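*Asks:* One-letter residues, chain by chain:
Number of protein chains: 2
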Amino acid sequence: MLKQRWFMRSLSTILPRAPLSKQILKSEPTAELLEKLCFFKKTQSGIFHMLPAGMKTTDKFIGIIQDKLQTNNDASLVSLSSLSPKSLWQTTDRWANSELFKLKDSKKNEYCLVATCEEDITELMKSFITSYKDMPALVYQVGKKYRDELRPRSGLLRAREFIMMDAYSFASDESDATRMFEDVNKTFLEIFQELKIPVVRAYADSGDIGGDQSIEYHLPLIGGESTILSCNNDSCKHVATDEKALSYPVEEGQFTGDVCVKYGLSEDHTTLVCYYYPKGRQINWNLAKLSVDDDIDSSLRDCSNQEITDLFQKENEDMMFTKVLRVMDSRINSRSNFPDFPLKSYLKNNFGQIDGVSIVTATDGEICGQCNEGTLVSTKSIEVAHTFNLDTKYSKPLSLKFMDRENNSTRLVKMGCYGIGVTRVIASIAELTRDIHGLRWPVAIAPWSVSIVSTPQGKNSETDKNYGKIVSLFKNKDPKLASNIMTNLNRTASMGTNISLSHSIGIPLTIIVGNKSWPRVEIEVRGRRWSGTDICKWEEEYPHLKEEYQWEVNNASPIDPYHEKHIVLHKHVVDVVKLLLQDL
Amino acid sequence: MLKQRWFMRSLSTILPRAPLSKQILKSEPTAELLEKLCFFKKTQSGIFHMLPAGMKTTDKFIGIIQDKLQTNNDASLVSLSSLSPKSLWQTTDRWANSELFKLKDSKKNEYCLVATCEEDITELMKSFITSYKDMPALVYQVGKKYRDELRPRSGLLRAREFIMMDAYSFASDESDATRMFEDVNKTFLEIFQELKIPVVRAYADSGDIGGDQSIEYHLPLIGGESTILSCNNDSCKHVATDEKALSYPVEEGQFTGDVCVKYGLSEDHTTLVCYYYPKGRQINWNLAKLSVDDDIDSSLRDCSNQEITDLFQKENEDMMFTKVLRVMDSRINSRSNFPDFPLKSYLKNNFGQIDGVSIVTATDGEICGQCNEGTLVSTKSIEVAHTFNLDTKYSKPLSLKFMDRENNSTRLVKMGCYGIGVTRVIASIAELTRDIHGLRWPVAIAPWSVSIVSTPQGKNSETDKNYGKIVSLFKNKDPKLASNIMTNLNRTASMGTNISLSHSIGIPLTIIVGNKSWPRVEIEVRGRRWSGTDICKWEEEYPHLKEEYQWEVNNASPIDPYHEKHIVLHKHVVDVVKLLLQDL
Numbered sequence: 001m002l003k004q005r006w007f008m009r010s011l012s013t014i015l016p017r018a019p020l021s022k023q024i025l026k027s028e029p030t031a032e033l034l035e036k037l038c039f040f041k042k043t044q045s046g047i048f049h050m051l052p053a054g055m056k057t058t059d060k061f062i063g064i065i066q067d068k069l070q071t072n073n074d075a076s077l078v079s080l081s082s083l084s085p086k087s088l089w090q091t092t093d094r095w096a097n098s099e100l101f102k103l104k105d106s107k108k109n110e111y112c113l114v115a116t117c118e119e120d121i122t123e124l125m126k127s128f129i130t131s132y133k134d135m136p137a138l139v140y141q142v143g144k145k146y147r148d149e150l151r152p153r154s155g156l157l158r159a160r161e162f163i164m165m166d167a168y169s170f171a172s173d174e175s176d177a178t179r180m181f182e183d184v185n186k187t188f189l190e191i192f193q194e195l196k197i198p199v200v201r202a203y204a205d206s207g208d209i210g211g212d213q214s215i216e217y218h219l220p221l222i223g224g225e226s227t228i229l230s231c232n233n234d235s236c237k238h239v240a241t242d243e244k245a246l247s248y249p250v251e252e253g254q255f256t257g258d259v260c261v262k263y264g265l266s267e268d269h270t271t272l273v274c275y276y277y278p279k280g281r282q283i284n285w286n287l288a289k290l291s292v293d294d295d296i297d298s299s300l301r302d303c304s305n306q307e308i309t310d311l312f313q314k315e316n317e318d319m320m321f322t323k324v325l326r327v328m329d330s331r332i333n334s335r336s337n338f339p340d341f342p343l344k345s346y347l348k349n350n351f352g353q354i355d356g357v358s359i360v361t362a363t364d365g366e367i368c369g370q371c372n373e374g375t376l377v378s379t380k381s382i383e384v385a386h387t388f389n390l391d392t393k394y395s396k397p398l399s400l401k402f403m404d405r406e407n408n409s410t411r412l413v414k415m416g417c418y419g420i421g422v423t424r425v426i427a428s429i430a431e432l433t434r435d436i437h438g439l440r441w442p443v444a445i446a447p448w449s450v451s452i453v454s455t456p457q458g459k460n461s462e463t464d465k466n467y468g469k470i471v472s473l474f475k476n477k478d479p480k481l482a483s484n485i486m487t488n489l490n491r492t493a494s495m496g497t498n499i500s501l502s503h504s505i506g507i508p509l510t511i512i513v514g515n516k517s518w519p520r521v522e523i524e525v526r527g528r529r530w531s532g533t534d535i536c537k538w539e540e541e542y543p544h545l546k547e548e549y550q551w552e553v554n555n556a557s558p559i560d561p562y563h564e565k566h567i568v569l570h571k572h573v574v575d576v577v578k579l580l581l582q583d584l
Numbered sequence: 001m002l003k004q005r006w007f008m009r010s011l012s013t014i015l016p017r018a019p020l021s022k023q024i025l026k027s028e029p030t031a032e033l034l035e036k037l038c039f040f041k042k043t044q045s046g047i048f049h050m051l052p053a054g055m056k057t058t059d060k061f062i063g064i065i066q067d068k069l070q071t072n073n074d075a076s077l078v079s080l081s082s083l084s085p086k087s088l089w090q091t092t093d094r095w096a097n098s099e100l101f102k103l104k105d106s107k108k109n110e111y112c113l114v115a116t117c118e119e120d121i122t123e124l125m126k127s128f129i130t131s132y133k134d135m136p137a138l139v140y141q142v143g144k145k146y147r148d149e150l151r152p153r154s155g156l157l158r159a160r161e162f163i164m165m166d167a168y169s170f171a172s173d174e175s176d177a178t179r180m181f182e183d184v185n186k187t188f189l190e191i192f193q194e195l196k197i198p199v200v201r202a203y204a205d206s207g208d209i210g211g212d213q214s215i216e217y218h219l220p221l222i223g224g225e226s227t228i229l230s231c232n233n234d235s236c237k238h239v240a241t242d243e244k245a246l247s248y249p250v251e252e253g254q255f256t257g258d259v260c261v262k263y264g265l266s267e268d269h270t271t272l273v274c275y276y277y278p279k280g281r282q283i284n285w286n287l288a289k290l291s292v293d294d295d296i297d298s299s300l301r302d303c304s305n306q307e308i309t310d311l312f313q314k315e316n317e318d319m320m321f322t323k324v325l326r327v328m329d330s331r332i333n334s335r336s337n338f339p340d341f342p343l344k345s346y347l348k349n350n351f352g353q354i355d356g357v358s359i360v361t362a363t364d365g366e367i368c369g370q371c372n373e374g375t376l377v378s379t380k381s382i383e384v385a386h387t388f389n390l391d392t393k394y395s396k397p398l399s400l401k402f403m404d405r406e407n408n409s410t411r412l413v414k415m416g417c418y419g420i421g422v423t424r425v426i427a428s429i430a431e432l433t434r435d436i437h438g439l440r441w442p443v444a445i446a447p448w449s450v451s452i453v454s455t456p457q458g459k460n461s462e463t464d465k466n467y468g469k470i471v472s473l474f475k476n477k478d479p480k481l482a483s484n485i486m487t488n489l490n491r492t493a494s495m496g497t498n499i500s501l502s503h504s505i506g507i508p509l510t511i512i513v514g515n516k517s518w519p520r521v522e523i524e525v526r527g528r529r530w531s532g533t534d535i536c537k538w539e540e541e542y543p544h545l546k547e548e549y550q551w552e553v554n555n556a557s558p559i560d561p562y563h564e565k566h567i568v569l570h571k572h573v574v575d576v577v578k579l580l581l582q583d584l
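Heads up: the protein sequence lines correspond to chains S and E, in order.
Position one of the first sequence corresponds to residue 1 (this note's numbering), numbered consecutively onward.
Position one of the second sequence corresponds to residue 1 (this note's numbering), numbered consecutively onward.
Next up, chain S with everything else stripped away, as it sits in the complex (with noise of 0.2 Å):
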């Protein structure tokens, strides 16, 4: 008696009972949609608990990034300590971050919460990495991580506690560095296809966790936080962050109004760097490192003009001995306001000037830097997933070093490391699928992949004994499928109430068993067709259906989803569903 209450109970007692209002499904932002539909639920500013549902996705999206990186990349799952020890991050000098969590133990020992896990499994590795014939090797863990971001926001997007999928890899030289580098970039790539999201590789900026090459993972968004810049030059189709993208004016020179200036010094400061772009712009840190290649002290960047200039003056007490380096931006002109020169006394023979160079982030409708042709197509976004060749950027401070093969003399490992936000891209995915009824999750990721809802248990014993069967069916011909199908929404209530809810939770078909309909059942298509593929061509490959079978597509309104019915024989309901589960 009591397991059959479980039965009925357990799983809608953390779902909700009754349909969210129209307004609240329209207007409310998505964490909180994804919270009233108990996915998942905030305890504190930017911490949550996640809830069955909730967890339920999460884990099918691990399901798919574990399968693919031990696959393809032969990758090991390990988990790593939560609590990371101070002189570790000490070592690499990122001890000093005020965004993590940091904590002492009873014995006065200073950890972190686990932000990246480059230097611990850097250590780690040390005890498995002596020789060449170690690698190359590739090891993963997927976890929770804590950043202490001074303003959480967006839900998940941008949580304080969050779960991710950190991998690193490990090679002996700087080609099988960059082959496993290119290797996991692919995985990753087939990782957001089998979740039919758009997912957008940008060329992107290391930032924090440095290496040279960096790649990172968008969603396209309205109202997303980053920019991405697409060139529109099929030849070419480079796409990267704003905070990497060079870009030239479609016209150059053609700036006469005011000039904006920023100071910089050369690594060795004895040549000041002066930075002149047109007024309204702003200047890009990575292409002004790069026009002057990267002969700039970049830990002066967030520095006033003023500190700057003193700081110059101070350390160049003969300014014989100095030069000034003018970097004009390609949109200017020697017509241009320029402002006035800081110091006051130098010698013109030691100008230089740098000119035609692009140092201000690029902009909707330029020309792409990369191929001088193209123009430059601005989309915001969110970023997902980040890899990073990291070189020996770790291996270096760590000391992760192996025995060479070709001389027998010690030599770095070369690392790389990727990351794939998990509950970020769970969020992502709510935010760029949700409509007018509520979420729409793409199959792979789908909480429960079907539902089947019918009149109020106990009304009609005649519905109830059809619900059975179709419920029969699915177990007897697909176990695996019908373990994914959500059967106990809301027994008591009515059918619009749970075709409602199965809507809003975003379950991809709903099976309605009514009584007026049978021995037909309908399956009414909540999923979105990303690949377009046209339903006809399932009647067309399986013509034993055809005959028994009906389909309606409606469009009610601009606003309102694409709404689609199967109407089919109740003995052809698993096949169905299987078919059209392979496009949503």
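Okay, derived cross-link-like pairs now, DSBU-like style, lysine-lysine, Cα gap no bigger than 35 Å in a straight line: (1) E:Lys36 <-> S:Lys126; (2) E:Lys401 <-> S:Lys22; (3) E:Lys144 <-> E:Lys86; (4) E:Lys107 <-> S:Lys102.
Output of the computed footprint for chain S on chain E, the stretches with three or more beta carbons under 8 Å from beta carbons of chain S: (5) 43 to 50; (6) 72 to 78; (7) 82 to 95.
Some chain E residues flagged as far from chain S (calculated, every beta-carbon gap over 12 Å): (8) Lys68; (9) Lys262; (10) Asn460; (11) Lys516; (12) Pro519.
Don't read these hints as lab results, they were simulated from the structure.
Just so we're clear, the structure is a prediction, and the values are computed from it rather than from any experiment.
Every residue gets a Cβ at the ideal spot worked out from N, C-alpha and C, and that includes glycine.
Mind docking chain E on chain S? Use the hints.
*Replies:* Only chain E this time, still in chain S's reference frame:
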């Protein structure tokens, strides 16, 4: 090419490459052995990274737990945040616990890293349980827990970061609560039976967690930290922890030596309770409490006798209105040597006395207090799981209430909580099953079920081909089993090295593909036959194997474990392996 090298290497990168010495296998503590065999890696005192072999073992165990809880108890999986706010723990009066890891975020909010989640789950379920209709419900999670033990020891047996499965039940009345408690306990027993390990259930004290009813699961183990007492009377068989077990002496009142006394005060502090018991025995607070019907102030439990009598005299100005209650352990008699009575002035008339009770920790050979017939047998053990019938211990302070069915009033939810120390179970099984050849896992949680070893790759092309043939046989006949086979221990090392490696890692079966024995292969049984089934049975059940089949058992020496070998035609290898695995 790279792929090929990965297949060869990546797994074995984080596995031992050479067998450990006999000395290490024999005498290294199990915690160090698990580390040397690359299951876990200690990073700090009580803190560990989990390596691929340890991950596989852990994941298999978690899979069994999830499967059983979902199938038997329809439990819902959640994952609560690891950061629990101070305010919750203050409400239940548990924040002072010195074993909590505590931290502050950048806004000075305080958190602990979760040690258990009664507070968080109770708070969470307030959003979901409002009516009797929402219950019964069972919610569980599996994840990292934190306890800042002052003296972490024995590796994963007493770690500061560890993996735990914690489940929580919610019921509207006592009978449902008790039924859920019993149902989950039944599932726990099934989980341990699946591992084929001899786990014992013992009635236990509920300690800091609280509640009236509590059952612990113990793995009997020489050198274990706990002691359980089992009644040898077949119609009783009562088992309890030494904190809970009630025992009587074989003959009462036979103790004539020095008597110890422990003082306490009744809850209203007007009665001085004097517990008298034999010197050399340990007073058992649970029994002492029970002997006075719980009318004792437990908060004074750790006060000295002097402190108790001082407090008694200070709080009671007129001794006329006080009482003295003498509780006599049944082992002592009036001729025993009693200590002096502590009070100067007292009234003889106000003395009471309780005789014939047992208030000391039970010992081996005493009479079972449950049946009053059997003899208690004491066993050293490790506690691996604990269940609590909590009643309203947490729902009361945190106000988890529901609307009653009968009279539309609100009532407190009856809770239960249930924990399995996942990493602790794994460490205890390693401790229990290890022998002079290394670890010896039950199939259910072995990192790999089978290993296939042969001569070094490239040495004999015929053997290499046969090796490939055996691997393919498994892949074709049973892909799931094939994914549980270790095929790349160290393919450049000798066959003997790999057999030793496989034995020490504790893989239950080793298939040896040699050049002499072909077309037969040898299957070495490393796993332990807990059920004692004789292999002959298989031959009877599967006569088609009998003709071409041969088996040997050697028991080399008293300390050397049972050696069992099966020599079979290669075409039968999958069948025989599957039969053998059933019993390991």
